[in-house]
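Q: With these hints in hand, go ahead and build the complete structure from the sequences.
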Amino acid sequence: MSGKLLALVAVFAPLSLVTIGGGQAVIADIQRQVVDVHHWMTEAAFVSDFAISRLAPGPGTLLVTLIGWQVAGIAGAVVATVAIFGPTAFLIYGVAHLWKRYRGAQWLGAIEGGLRPVAAGMILAAVFVLLRSLDGGWLARSIAFVSTGVLMTTRISPIPLLAAGAAIFISIRMLFAG
Amino acid sequence: MQGEPRGSKPVPSHWRLFLVFSRIGLTSFGGGLSGWFLREFVQDRQWLSEEEFLNGLAVSQALPGVNVTNLAIWIGYRLRGPVGALAGFTGIVVPPAFVIVLLGMLFSFLARYPITRLALDGAAAAAIGLSLSLGITTARRVPRRIIPWVVLLVTFATIGLLHWPLPWVVLAAGPISVAAEFAHLRRRRPA
Numbered sequence: 001m002s003g004k005l006l007a008l009v010a011v012f013a014p015l016s017l018v019t020i021g022g023g024q025a026v027i028a029d030i031q032r033q034v035v036d037v038h039h040w041m042t043e044a045a046f047v048s049d050f051a052i053s054r055l056a057p058g059p060g061t062l063l064v065t066l067i068g069w070q071v072a073g074i075a076g077a078v079v080a081t082v083a084i085f086g087p088t089a090f091l092i093y094g095v096a097h098l099w100k101r102y103r104g105a106q107w108l109g110a111i112e113g114g115l116r117p118v119a120a121g122m123i124l125a126a127v128f129v130l131l132r133s134l135d136g137g138w139l140a141r142s143i144a145f146v147s148t149g150v151l152m153t154t155r156i157s158p159i160p161l162l163a164a165g166a167a168i169f170i171s172i173r174m175l176f177a178g
Numbered sequence: 001m002q003g004e005p006r007g008s009k010p011v012p013s014h015w016r017l018f019l020v021f022s023r024i025g026l027t028s029f030g031g032g033l034s035g036w037f038l039r040e041f042v043q044d045r046q047w048l049s050e051e052e053f054l055n056g057l058a059v060s061q062a063l064p065g066v067n068v069t070n071l072a073i074w075i076g077y078r079l080r081g082p083v084g085a086l087a088g089f090t091g092i093v094v095p096p097a098f099v100i101v102l103l104g105m106l107f108s109f110l111a112r113y114p115i116t117r118l119a120l121d122g123a124a125a126a127a128i129g130l131s132l133s134l135g136i137t138t139a140r141r142v143p144r145r146i147i148p149w150v151v152l153l154v155t156f157a158t159i160g161l162l163h164w165p166l167p168w169v170v171l172a173a174g175p176i177s178v179a180a181e182f183a184h185l186r187r188r189r190p191a
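If you read the sequences in order, they're chains F and P.
If you count the first sequence from 1, position 75 lands on 75 in my numbering, and the numbers rise without skipping.
If you count the second sequence from 1, position 35 lands on 35 in my numbering, and the numbers rise without skipping.
Hints are not guaranteed to be accurate.
[Unchecked claim] If you want the footprint, here are the derived chain P segments under chain F, 3+ residues with CB under 8 Å:
#1 13 to 19
#2 69 to 79
[Stated by the list, open to error] Chain F stretches covered by chain P per the calculated footprint, using a threshold of three residues with CB under 8 Å from any CB of chain P:
#3 55 to 61
#4 107 to 118
#5 121 to 135
Worth flagging that the hints you see were computed from the coordinates, not collected in a lab.
Cβ coordinates follow ideal geometry from the N, Cα and C atoms, glycine included.
A: Right, here's the structure in full:
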């Protein structure tokens, strides 16, 4: 493995294990390492990569794949992806296995029941932060709330819902701009 | 909390599982992937019960790692064992990984049109609905007792309002809440 590939592993594998509550938590540290420590890319290139990762489908942490690709081509993309997802993938796999083995145990029920309010608080906090930082003001927020209502009361698939959100947002914006 | 993880429908094949995860990975513009999982696996296809899903969600959130891939591995494992876990992981990671590299190549071209940005903002707004409905579903299934709701509100406030680092909040709130739940279960059903 070349020096750059090893460096990618050294940067991303440890970050994998300190990511709690989604990829957003480690973005600042990725930026520090990629831009300031290793000089793999400029600040502007990093910000542009971050924007791409937000608008691409799939896990936002695939930002790391894009960085790996730019640093060391296809091998870089593969190595960076495995490094950021691999260690914790084994961890959750092991836990899922334990869960199956001890199903029904009281301590397991306590962990499940005890973690549920923590998870609910984390998800609602993430939604709150997203709602506040949403581009597009009241219109975007209204779309978010209407979409929530539709999801909770109907069986509609999310794909037409997202398409409708995009279409409504574009039409109203164009109407007000023109 | 006990018993088989099954929903009311028969368990899918490995390949089918991979395809469903891939489709979610490729169409989930604007994030909210865990909300997609709830929709697809519990409400639509009924491969998992809501109870089982929420247990996996809570563990996926609390453990290190990207929540979404954690949950994909968890669901895959519960439905189809080790190969199912692999199907979940590769389905949610690999196809979108190709897309993001392609988007990286196309970006300068796409960014020229302002309508791209507007479309994505609109989709992202609608996608918040997925996360919010997931949050509401989870909160509704939090036991109606004082301690769980205090934990929920404190977690929300410290992360959402005070912007405390998430690992510390989880490391503090998790064990306290689990211990309280354990004491509660002991009182109801002594081991």
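Q: Run every hint past the structure and note whether it holds.
A: Hint check results:
no., hint, verdict
1, 13 to 19, "violated (count 0)"
2, 69 to 79, "holds (count 6)"
3, 55 to 61, "holds (count 7)"
4, 107 to 118, "holds (count 12)"
5, 121 to 135, "holds (count 13)"
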